[in-house]
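Chemist: Here is what each chain is made of, one letter per residue.
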Amino acid sequence: MVNLILVSHSEKLATGLKELLAEMAPDTPILLAAGLEDGSIGTDASRIEASFDQLNDDGLVLTDIGSATMNAELALELYSGDRTIQFVESPLVEGAFLAAVLSGQSKSLTEVVDGLKKEFA
Amino acid sequence: MKLTTEQFRESLVKAAAQIEAHKDELTDLDREIGDGDHGINMSRGFQAVQKELETHGAYEDLGDLSKQVGMTLIKTVGGASGPLYGTAFVKFAGAFKGKKEVEGQELAQAFIEATEGIKMRGKSEFGQKTMVDIWTPFHEALSQEADLKAAIEQALRDTKERVATKGRASYFGEATVGVQDPGALSSALLLQEIVEVLHG
Chain H
1 MVNLILVSHS EKLATGLKEL LAEMAPDTPI LLAAGLEDGS IGTDASRIEA SFDQLNDDGL
61 VLTDIGSATM NAELALELYS GDRTIQFVES PLVEGAFLAA VLSGQSKSLT EVVDGLKKEF
121 A
Chain Y
1 MKLTTEQFRE SLVKAAAQIE AHKDELTDLD REIGDGDHGI NMSRGFQAVQ KELETHGAYE
61 DLGDLSKQVG MTLIKTVGGA SGPLYGTAFV KFAGAFKGKK EVEGQELAQA FIEATEGIKM
121 RGKSEFGQKT MVDIWTPFHE ALSQEADLKA AIEQALRDTK ERVATKGRAS YFGEATVGVQ
181 DPGALSSALL LQEIVEVLHG
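Protein chains in written order, with the numbering used here: chain H, 1 to 121; chain Y, 1 to 200.
If you're looking for bench data, these hints aren't it; they were derived computationally from the structure. There's no promise every hint is true.
What the hints assert, rightly or not - No farther apart than 25 Å at their CA atoms in a straight line, the calculated lysine-lysine pairs in the BS3-like style are these: (1) H:K117 to H:K18; (2) Y:K123 to H:K117; (3) H:K118 to Y:K67.
Said to hold, decoys possible - Some chain Y residues near chain H, calculated using beta-carbon distances under 8 Å: (4) K51; (5) I74; (6) P83.
From the three backbone atoms N, C-alpha and C, an ideal C-beta is built for every residue, glycine too.
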C-alpha cells in the first residue's frame, strides 16, 4: 500500500490530519515529518529524509506551505534508499484525503499520483 | 580576483559574525513581512557553520568546503532559508569540485549556478523581492568585472522598494514596499564578506 508522508510546519496539524485520515482510510500507512525536533514550528529536510526510512512500500509526500515543499524536494534529492517516493503539489488536507482513500483501495503509486494531479492540477 | 579555499573559509567565518551582529535586525524585518524567524534561523545555521569551519582540519578544496557548509546549513537553518542557502552551497560544491582556487569567469559561473539553484529550489525569479534580487546582480557584476560592493548596495536599495510576490512576504502585498527583505539582507551580508576576501 502506498504510504503517505505528511510534511507540515506544525506537528499538531499533521497529527490532527492523521486522525482525520484514519476515519476515511484506516489501513493506509501515514508517516509524519512535521515540526522541528524540539516540537516547535518549522520544517527540516533531514527530519523528512529520516521519515523515508520508515516506509514499508512506495511513498507519496504531501506538504503544507512554502518551505515544507522546498525541504521535501531537497529531502527527495538527498534520499538514497530503495523506495520509490513522489511528491505532488496539492492542498495538504484535500490531497491527503484523496491519496489516503486511493491507497486504501490498493491503487499503485502511479495511480495515486495521477488521481491527485487530475483533481488538483 | 581569485578565490582560494582558505579565503572562502575566512569569508564564511566573517559572514557568520556579521549574521550574528544583525540577528535582531533580520528577525525584526521578518516579523514585519514574514514569520519572524529569519535572524534566529540564520544565526543557528551560521554558528554551526562557524563551529564546523573552526574545528574541521584543512579542506581538500573549494568543493569539499562548499559541500560541508551546504550540508550543515540544510541540517541546521530550518525555515525556507535552510534549503535555499543549502542548495546554493551544494551548487558551489559542484562548480568548485576538485579546485583549490578559482578566478575570472569560472568564479562568476559558480555564482550563476548557485543563483540558479536558489531559483530552482524556491521556484522564484528575479524581481520578486527575495534573495534572488541580490544574487542575480551580484553574479552579473562578477561576470562583467564591475564594482561588486556597489552592485550589492544598489541591489539592496532596489529590493527594498519592490513589492513581494514570492514566499510568505507576498501575503503582505503592498505593505512590503519600503521594508527590506530579510533574505536579501542576509544574502548581502554573506556576499559582502566574499567581496572583502576577493579584494584582500
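Chemist: Run every hint past the structure and note whether it holds.
Modeler: Do the hints match the structure? See the list:
{"no.": "1", "hint": "H:K117 to H:K18", "verdict": "holds, 21 Å"}
{"no.": "2", "hint": "Y:K123 to H:K117", "verdict": "holds, 19 Å"}
{"no.": "3", "hint": "H:K118 to Y:K67", "verdict": "violated, 38 Å"}
{"no.": "4", "hint": "K51", "verdict": "violated, 17 Å"}
{"no.": "5", "hint": "I74", "verdict": "holds, 5 Å"}
{"no.": "6", "hint": "P83", "verdict": "holds, 4 Å"}
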